[in-house]
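**Q** The hints should help you fit chain B onto chain A, whose structure is shown.
Protein chains: 2
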Amino acid sequence: MKKRNCLLGQSGGPTAVINSSYRGILDQVKNSPDLDRIYAMRFGLQGLLEGKFFDITDKSKLELELLENTPSTIIGTSRYKISHYNKHEEDYIKFFDFLEEHEIGYVFYVGGNDSMDTVAKLGSYAREKGIDVSIMGIPKTIDNDMVITDHCPGFGSAAKYIATSVMEIARDSRVYDLKNVHIIETMGRGSGWLAASSILAANEKLYAPDFIYLPEVVFDVDDFYKDIENKMKDQKAITVVVSEGIRDKNGNYVYAGKTTAHDKFGHKRLGGVADTLKPIIKNNLCKRVKAIKFDVMQRAAAHCASGRDIEEAYQVGAEAVKAALEGETGKMTAIKRISNDPYQAEIIRVEAEKVANHVKLVPDEWINEKGNGVTEEFIDYVLPLIQGEIDIKTENSLPVFSKLETGV
Amino acid sequence: MKKRNCLLGQSGGPTAVINSSYRGILDQVKNSPDLDRIYAMRFGLQGLLEGKFFDITDKSKLELELLENTPSTIIGTSRYKISHYNKHEEDYIKFFDFLEEHEIGYVFYVGGNDSMDTVAKLGSYAREKGIDVSIMGIPKTIDNDMVITDHCPGFGSAAKYIATSVMEIARDSRVYDLKNVHIIETMGRGSGWLAASSILAANEKLYAPDFIYLPEVVFDVDDFYKDIENKMKDQKAITVVVSEGIRDKNGNYVYAGKTTAHDKFGHKRLGGVADTLKPIIKNNLCKRVKAIKFDVMQRAAAHCASGRDIEEAYQVGAEAVKAALEGETGKMTAIKRISNDPYQAEIIRVEAEKVANHVKLVPDEWINEKGNGVTEEFIDYVLPLIQGEIDIKTENSLPVFSKLETGV
Chain A
1 MKKRNCLLGQ SGGPTAVINS SYRGILDQVK NSPDLDRIYA MRFGLQGLLE GKFFDITDKS
61 KLELELLENT PSTIIGTSRY KISHYNKHEE DYIKFFDFLE EHEIGYVFYV GGNDSMDTVA
121 KLGSYAREKG IDVSIMGIPK TIDNDMVITD HCPGFGSAAK YIATSVMEIA RDSRVYDLKN
181 VHIIETMGRG SGWLAASSIL AANEKLYAPD FIYLPEVVFD VDDFYKDIEN KMKDQKAITV
241 VVSEGIRDKN GNYVYAGKTT AHDKFGHKRL GGVADTLKPI IKNNLCKRVK AIKFDVMQRA
301 AAHCASGRDI EEAYQVGAEA VKAALEGETG KMTAIKRISN DPYQAEIIRV EAEKVANHVK
361 LVPDEWINEK GNGVTEEFID YVLPLIQGEI DIKTENSLPV FSKLETGV
Chain B
1 MKKRNCLLGQ SGGPTAVINS SYRGILDQVK NSPDLDRIYA MRFGLQGLLE GKFFDITDKS
61 KLELELLENT PSTIIGTSRY KISHYNKHEE DYIKFFDFLE EHEIGYVFYV GGNDSMDTVA
121 KLGSYAREKG IDVSIMGIPK TIDNDMVITD HCPGFGSAAK YIATSVMEIA RDSRVYDLKN
181 VHIIETMGRG SGWLAASSIL AANEKLYAPD FIYLPEVVFD VDDFYKDIEN KMKDQKAITV
241 VVSEGIRDKN GNYVYAGKTT AHDKFGHKRL GGVADTLKPI IKNNLCKRVK AIKFDVMQRA
301 AAHCASGRDI EEAYQVGAEA VKAALEGETG KMTAIKRISN DPYQAEIIRV EAEKVANHVK
361 LVPDEWINEK GNGVTEEFID YVLPLIQGEI DIKTENSLPV FSKLETGV
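Just so you know, the sequences run in chain order A and B. Using UniProt numbering, you'd call the opening residue of the first sequence number 1 and step up by one each time. Using UniProt numbering, you'd call the opening residue of the second sequence number 1 and step up by one each time.
Any copy will do: because identical chains look the same in the list, a pair fits if it lies in one copy or spans two.
Listed next, the in silico EDC-like pairs over lysine to aspartate or glutamate satisfying Cα-Cα at most 20 Å (straight line):
1. 249 <-> 223
2. 3 <-> 36
3. 336 <-> 351
4. 81 <-> 91
5. 290 <-> 275
6. 236 <-> 405
7. 179 <-> 50
8. 236 <-> 50
9. 290 <-> 227
The hints are simulated quantities; they were obtained by calculation from the structure and are not laboratory data.
Chain A with its partners taken away, still in its complex shape (with noise of 0.2 Å):
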């Protein structure tokens, strides 16, 4: 039989642990005997349809170890929504014909909700013309809101991050005798997975964060007040961890101001959530208020990942490969969980079109009941997510990325 070539793609925003899932899906394609070259789209679907692309079959051992502790993505992704081919088929040409002219068998495609749309679409459409391609999905986000899987990779360090990070913050907050607020700012349009994670910063028993507000609960700004409020007759320093996604009763995105929080308190809008939130108690109730975003660093701090997410990455990678070779298209590799203590997981397959543009949102019995924090269910859910130590190469005691997408 002839040997078959193999295309890599992502789509959507990075994590810290994409780039495991390609060291996973390259390793399995290298212990192939039926498989050959490995492309990579550069810049996603999009980037491919313009012609960008590269081998990087041939990349050294030590770029390929690099890429496990690597952040973001190294080829590069895109935003790109195909349309159905019964409406636009130009794309699934232009996309098939590349696969033929490149003796393309398995194509690997690695992303959220929106990718495993692409990847029902371009396996459905194979599978109507006759065409002998296999196309398989790899779930990523660090929102962590896929259904069918358990989890999703990149979700564990993001998790670890922000728990890390609020406990530090908590600490730095302790240090004058005087009121103060944090309004900590997580990433979560849509789902309050990551905002809730920092519940783990209750780790250590003494700084919590003492209010956690997600997307999931109708965010009323009068209760928001009144939380804070009564906290403080009890401690000067008050941490709240909000989702960048909260919405009032009208459905109006708080960061957005168009919220009645602010016709009501006459503030306008300022950038994120936390900075909106910032001076309804800053010039009500205590003058000392920081508003802290996590930015880009909940998902790009690779020097603070979970080992276990590093690893379940890789194994949905490695086992997409597997599950090609077996002849299954149009699937996606999920993670199942067994058991929490120990904790045991196992990658299964599932149909991309049955995750496709559905959203998981945290299940309300997760949530407290005043619609302010998270439940212990919650903290047994995510604590194995973030275990386990990370091993990563560092040079002048920085971190040492792989450079695979330059000519390395």
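**A** Positioned in the frame of chain A, the structure of chain B alone reads:
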């Protein structure tokens, strides 16, 4: 000879390694047969004058060990400045009455430039009144702006956090095939040591910070704009690091919105300096601009501390106790660099008065000609300060911090 007691205190902002200085002091006190109890001011001199202090002599060995990797300050701080005793003697009377009452013969005061003013004043008052007390200063500040000492404990760890995070952010900024500018803001109101240390991210030859703007150089918004405009001809992603304290030619802080930068471009104050500069680029050059603030994380990120910084913080603490026992007073321990390769340094003693109220700037010859970056000499200076791994105690893969200030 009757044993005498000690008093420990701090003023000014926290760092990741102040608690290591406390540990150096505590260990040395325990090893000194002439010393007995060690009291801590709770929330600095201000707290003490309000009657707040506690006895930390008998804390467990474990709690003392945890100090090494616990960020912030376990005893609390204040920004209280005492007046000269000719003007306002009351604080001095109260303070020395407290010492007498608690049989305290040695005071160890950790802080920056302002704090050394306090050390000098207390020492000089004691001498004048014939009070047999040694007052010793111990340096700390992430700003690294104290004179005479080669560098300040706290700076190396902040520099390591900044360099590591800039490397990670630079990766994150290069995933899309789109023009973008990341403006990263560091602390440093009066000096640019922190912003400058981001040059270490160029350890990774590929993605250096492209421009660094320091308070030592007059900030010209037109030059800033041109720097980015020109660079964008060669590359899509641009990383800029800027010190919060940059000022325009009239001496106005850029962040405060008084500079001509804003008159010209028609924008007003938004928060920090990165937020202020963002619309200048966004509205005129490139739509994708991110303003990122390292905020308190840069001084609190014990998980990313420099091993050498922790060690030197310990030494300036321990050596201050030795100096006090040798009869020194009104002095500060300081670091004298002997060589760079291999790095060697020794702890010296300097008059606190010579340090008090001075500010050490980044030397002109370490800033490049265009005033938008630093030279190799700066790298040679800062690189040894971030070296050394840390051995942080964890539980569930999260750090365990000391709870010395509680009843442990």
